[in-house]
Amino acid sequence: MERNEKTSLLDRIFSWSIKDILNKDLYKQKIKTIPDRFSSTDEYFKCFLPHLLEETRTVLCSRFKSLSKSPLFQISSLTKESSGSCNNLLHILKLMDEENDAKLYQPHCGDLIALTKTRPRSFHDLNPLLLAYVSVDGHPKISEEKRKINPNISVFLSRLISNEEKTSLGFGVLLMNSTTNSRIWNALHHEAPNFDLIKSVLQPSTTGIEQTVSSRKWRPNVLDMIRSTNLNSSQKSAVLSCLETRNCKHKNSVKLIWGPPGTGKTKTVATLLFVLLQLKCKTVVCAPTNTAVVEVTSRLLSLSKGTSKHANYGLGNIVLAGNHNRMGIENDDDLRNVFLDHRVDRFQKLLSSSSGWKQRLESLIHFLENTEAEYKQYKRELKKKKKKEEAENIKNEKAENKKKEEVENKENEEAENKSKEEAENILTFGEFVKKEFNGLSEELEKHMVDLYTHLPKSFISSGQVKKMIAARQAFQRVRCFLQDNSSTLDSKKGSLKRIISVDCIQALSLLQKRFQVPELLKDEDIRRFCLQNAHIIFCTASGAAEMNGERTGNVEFLVVDEAAQLKECESVAALQLQGLRHAVLLGDEFQLPALVHNDECEKAKFGRSLFERLVLLGHNKHMLDVQYRMHPWISLFPNKEFYDGRIKDAAIVQESKYQKRFLQGNMFGSFSFINVGRGKEEFGDGHSPKNMVEVAVISQIISNLFKVSSERKMKISVGVISPYNGQVRAIQERMKDKYGSLSCQLFTLNVQSVDGFQGGEEDVIIISTVRSNGNGKVGFLSKRQRANVALTRAKHCLWVIGNETTLARSGSIWAKLIEDSKKRKCFYHAKDDKRLKNAMNDALLKVKKSDV
Numbered sequence: 001m002e003r004n005e006k007t008s009l010l011d012r013i014f015s016w017s018i019k020d021i022l023n024k025d026l027y028k029q030k031i032k033t034i035p036d037r038f039s040s041t042d043e044y045f046k047c048f049l050p051h052l053l054e055e056t057r058t059v060l061c062s063r064f065k066s067l068s069k070s071p072l073f074q075i076s077s078l079t080k081e082s083s084g085s086c087n088n089l090l091h092i093l094k095l096m097d098e099e100n101d102a103k104l105y106q107p108h109c110g111d112l113i114a115l116t117k118t119r120p121r122s123f124h125d126l127n128p129l130l131l132a133y134v135s136v137d138g139h140p141k142i143s144e145e146k147r148k149i150n151p152n153i154s155v156f157l158s159r160l161i162s163n164e165e166k167t168s169l170g171f172g173v174l175l176m177n178s179t180t181n182s183r184i185w186n187a188l189h190h191e192a193p194n195f196d197l198i199k200s201v202l203q204p205s206t207t208g209i210e211q212t213v214s215s216r217k218w219r220p221n222v223l224d225m226i227r228s229t230n231l232n233s234s235q236k237s238a239v240l241s242c243l244e245t246r247n248c249k250h251k252n253s254v255k256l257i258w259g260p261p262g263t264g265k266t267k268t269v270a271t272l273l274f275v276l277l278q279l280k281c282k283t284v285v286c287a288p289t290n291t292a293v294v295e296v297t298s299r300l301l302s303l304s305k306g307t308s309k310h311a312n313y314g315l316g317n318i319v320l321a322g323n324h325n326r327m328g329i330e331n332d333d334d335l336r337n338v339f340l341d342h343r344v345d346r347f348q349k350l351l352s353s354s355s356g357w358k359q360r361l362e363s364l365i366h367f368l369e370n371t372e373a374e375y376k377q378y379k380r381e382l383k384k385k386k387k388k389e390e391a392e393n394i395k396n397e398k399a400e401n402k403k404k405e406e407v408e409n410k411e412n413e414e415a416e417n418k419s420k421e422e423a424e425n426i427l428t429f430g431e432f433v434k435k436e437f438n439g440l441s442e443e444l445e446k447h448m449v450d451l452y453t454h455l456p457k458s459f460i461s462s463g464q465v466k467k468m469i470a471a472r473q474a475f476q477r478v479r480c481f482l483q484d485n486s487s488t489l490d491s492k493k494g495s496l497k498r499i500i501s502v503d504c505i506q507a508l509s510l511l512q513k514r515f516q517v518p519e520l521l522k523d524e525d526i527r528r529f530c531l532q533n534a535h536i537i538f539c540t541a542s543g544a545a546e547m548n549g550e551r552t553g554n555v556e557f558l559v560v561d562e563a564a565q566l567k568e569c570e571s572v573a574a575l576q577l578q579g580l581r582h583a584v585l586l587g588d589e590f591q592l593p594a595l596v597h598n599d600e601c602e603k604a605k606f607g608r609s610l611f612e613r614l615v616l617l618g619h620n621k622h623m624l625d626v627q628y629r630m631h632p633w634i635s636l637f638p639n640k641e642f643y644d645g646r647i648k649d650a651a652i653v654q655e656s657k658y659q660k661r662f663l664q665g666n667m668f669g670s671f672s673f674i675n676v677g678r679g680k681e682e683f684g685d686g687h688s689p690k691n692m693v694e695v696a697v698i699s700q701i702i703s704n705l706f707k708v709s710s711e712r713k714m715k716i717s718v719g720v721i722s723p724y725n726g727q728v729r730a731i732q733e734r735m736k737d738k739y740g741s742l743s744c745q746l747f748t749l750n751v752q753s754v755d756g757f758q759g760g761e762e763d764v765i766i767i768s769t770v771r772s773n774g775n776g777k778v779g780f781l782s783k784r785q786r787a788n789v790a791l792t793r794a795k796h797c798l799w800v801i802g803n804e805t806t807l808a809r810s811g812s813i814w815a816k817l818i819e820d821s822k823k824r825k826c827f828y829h830a831k832d833d834k835r836l837k838n839a840m841n842d843a844l845l846k847v848k849k850s851d852v
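Here UniProt numbering is used: position 27 in the sequence shown is 27, and no number is missing along the way.
FYI, nobody ran anything at the bench for these hints, they're computed from the structure.
It is possible that some hints are incorrect.
To be verified - Straight-line Cα separation of at most 30 Å, DSSO-like style, residue types lysine-lysine; simulated pairs: (1) K783 <-> K648; (2) K267 <-> K831; (3) K605 <-> K777; (4) K831 <-> K816; (5) K435 <-> K385; (6) K376 <-> K388; (7) K621 <-> K648; (8) K522 <-> K680; (9) K825 <-> K848; (10) K387 <-> K435; (11) K823 <-> K660; (12) K267 <-> K715; (13) K199 <-> K32; (14) K379 <-> K358; (15) K603 <-> K199; (16) K349 <-> K522.
As the list claims (entries may be wrong) - Quick list of the computed label-pair ranges, beta carbon to beta carbon: (17) S8 <-> R336: 17 to 25 Å; (18) N554 <-> S228: 25 to 33 Å; (19) G356 <-> S703: 42 to 50 Å; (20) G356 <-> I426: 26 to 34 Å; (21) R246 <-> L616: 23 to 31 Å; (22) K648 <-> Q516: 49 to 57 Å; (23) K24 <-> G356: 54 to 62 Å.
Virtual Cβ for every residue (Gly too), placed ideally from N, Cα, C.
With the sequences and hints as input, model every part of the structure.
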């Protein structure tokens with residue numbers, strides 16, 4: 001497969017037939033193991049392409065096989081694009097299908113959908129296959145209000161269709177969103193990329209063991225910033241080591257920061273970004289998911305907020321780009337203030353030719369300088385309006401239909417009288433000034449806040465912000481004066497003029513003379529302005545593909561958080577950022593890697609991260625070595641098993657008060673393995689097993705915890721983790737909304753798969769291992785990275801539920817855990833607890849009945 005082929009990923013997908021998509025051997029011969037080192041950039045880019053195609057095909061194939069469960073919409077009408085050369089562009093008017101509300105969805109740009117005649121139940125209903133790519137109008141940047149008014153979407157079709165076929169199409173069903181894979185494909189085919197940093201990751205590092213941070217004298221403000229965040233020595237050393245690379249003008253560098261669970265990786269990266277922000281170092285920050293991006297953005301904002309002299313000033317140097325629906329930032333004002341789409345919207349209002357900030361400023365100054373003349377003009381216009389209304393009323397009376405019912409006549413008469421009363425109710429001078437000033441000043445205040453919130457610091461000084469704040473304070477004084485004196489203002493016009501002249505006009509005139517905002521006419525101009533003048537830009541690794549040189553300018557630094565969760569090919573776009581000289585990758589290869597859907601691709605190391613490969617090549621990784629999350633009895637096993645005992649427990653987790661006993665009995669201490677030997681694994685729900693006896697035991701434990709929380713008014717957060725989705729669904733079904741009443745105040749319950757819990761933590765974690773058989777088969781439960789994540793989420797209590805015999809025979813890490821728990825006298829049998837025993841017996845009876 002040649003890398004220089006011009007075809008897009010979408011072209012490849014459109015070329016596939018149903019048979020191709022269902023063919024698991026379509027690219028099998030081209031799937032080769034990703035090498036550890038590369039001889040050239042061309043080899044590097046080319047090696048990922050077959051795997052990317054096979055992954056895309058696998059996802060489509062999976063969706064084909066579960067088509068009846070896929071989101072869909074009903075088509076009302078279709079219009080074919082007739083202009084230009086796009087013969088396969090179609091406009092679709094959606095009609096939400098009321099019979100199937102649960103499966104309705106709003107198409108977004110990048111969605112790949114199948115158009116069908118009837119509601120599809122299986123892939124046979126897609127024959128002949130007609131794929132469509134959503135190109136515009138379904139984009140998530142469009143507001144919900146606009147979507148309701150204009151539910152059109154535009155799509156590119158995989159083939160030309162006849163008018164007869166067009167009129168017969170009735171449904172659209174979602175298959176997948178192709179945006180991320182398309183961005184990766186384009187990055188792997190980039191014709192003029194920045195290869196400098198990429199060349200440095202092809203082979204083993206030639207720099208040898210990383211030297212300790214030099215003793216160069218850092219500027220006091222840099223050290224003060226780092227000290228203010230209370231980093232430990234390993235965190236501080238990591239930050240300084242990264243900053244040191246900025247002085248290496250002669251070479252590019254890639255730094256690896258190793259952050260085991262609970263060691264403050266996010267705090268460390270936030271501190272690094274905080275310093276880079278103050279140093280005005282142009283930095284792009286990436287993470288695998290929108291959620292991870294939001295987390296690190298929030299941490300930086302909290303640091304920045306604590307040092308800003310004026311609220312929100314300086315946020316214009318920070319930009320968060322991404323999908324606002326997936327980021328879930330609607331209710332977070334801090335995040336909204338740095339979100340790119342929101343910022344573009346605010347600038348559109350600020351720069352409006354009719355109601356922008358300049359117009360508001362000029363209007364208020366004019367009003368303050370001419371209050372009496374404005375009042376006279378107001379009365380003249382009101383009299384004109386009154387005469388016009390009277391003339392219209394006479395005209396309406398003559399044309400009135402005499403056959404109208406008495407009730408309608410009465411209603412019209414009442415409305416007419418009300419209108420006359422309002423027209424005759426002329427405001428006094430004081431009331432007029434109060435109303436107009438409040439309206440004009442409140443609008444201008446909003447614009448002022450938007451200006452010092454969203455403008456980069458290079459366009460607005462702290463002195464100008466002070467003037468704006470002084471003007472806002474003046475507005476408040478004038479409002480108070482008008483509130484107290486509006487009824488007698490006719491006799492106090494001199495006082496009004498003095499307070500206006502001193503407090504407002506002078507302050508506003510200074511802004512008018514000394515403060516300028518650039519003229520930006522188009523959305524894309526505003527977007528480019530925001531990105532080019534920002535010092536820190538947050539986005540997903542996929543979103544980095546949108547950060548080309550034309551939009552963002554040169555980037556000096558790249559920081560990738562959760563780097564071990566990214567497939568290496570997902571990092572390629574970020575590594576090609578224009579001007580990029582240095583990268584910092586933060587992660588832990590001993591936790592879960594990126595998800596790979598195709599087994600052959602996974603075996604071929606397609607899911608391996610750049611972080612992990614560089615470690616294999618001998619690149620030094622700076623370890624964060626103090627954990628702040630787990631009670632020492634919880635951290636003991638994973639620390640020994642995964643990190644060679646190198647992680648130290650922070651003083652806070654060693655304090656006696658950190659050891660919390662939520663339930664009575666040794667079985668429910670800080671750490672325990674609870675043997676449920678009579679359980680039974682079931683595979684009734686697809687291929688994912690469940691164990692209803694373990695579900696019963698967990699349900700009883702949660703019930704006990706909830707009772708303690710309610711009676712003692714104690715806050716308890718509980719997480720239930722299982723590697724298997726079948727067990728997660730079974731537990732969720734058993735819990736339902738049982739604990740919703742106190743969930744927001746005292747008791748919270750979070751039931752998820754291991755993959756869904758990565759990065760999370762709770763007071764109590766209960767792990768359900770599920771597998772229960774006589775031969776020790778545990779499937780992917782044996783994966784060490786998955787076990788590491790599960791075992792490191794608890795703060796105060798970790799209780800592992802499982803079948804001792806099965807796990808001990810598995811030869812996996814779970815066998816080691818059982819052995820360790822017995823040595824530490826933390827091994828217990830569920831049957832020894834009366835309530836757990838009863839729960840198991842009840843569950844076993846139900847299982848036997850279902851078997852019969």
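Taking the hints in turn, this is what the structure says about them:
| no. | hint | in the structure |
| --- | --- | --- |
| 1 | K783 <-> K648 | holds, 25 Å |
| 2 | K267 <-> K831 | violated, 43 Å |
| 3 | K605 <-> K777 | holds, 24 Å |
| 4 | K831 <-> K816 | holds, 23 Å |
| 5 | K435 <-> K385 | holds, 19 Å |
| 6 | K376 <-> K388 | holds, 19 Å |
| 7 | K621 <-> K648 | holds, 17 Å |
| 8 | K522 <-> K680 | violated, 63 Å |
| 9 | K825 <-> K848 | violated, 33 Å |
| 10 | K387 <-> K435 | holds, 24 Å |
| 11 | K823 <-> K660 | holds, 22 Å |
| 12 | K267 <-> K715 | holds, 25 Å |
| 13 | K199 <-> K32 | holds, 22 Å |
| 14 | K379 <-> K358 | holds, 27 Å |
| 15 | K603 <-> K199 | holds, 26 Å |
| 16 | K349 <-> K522 | holds, 12 Å |
| 17 | S8 <-> R336: 17 to 25 Å | violated, 34 Å |
| 18 | N554 <-> S228: 25 to 33 Å | holds, 29 Å |
| 19 | G356 <-> S703: 42 to 50 Å | violated, 60 Å |
| 20 | G356 <-> I426: 26 to 34 Å | holds, 31 Å |
| 21 | R246 <-> L616: 23 to 31 Å | holds, 27 Å |
| 22 | K648 <-> Q516: 49 to 57 Å | holds, 54 Å |
| 23 | K24 <-> G356: 54 to 62 Å | holds, 58 Å |
In this structure, the hints that do not hold are numbers 2, 8, 9, 17 and 19, in rising order.
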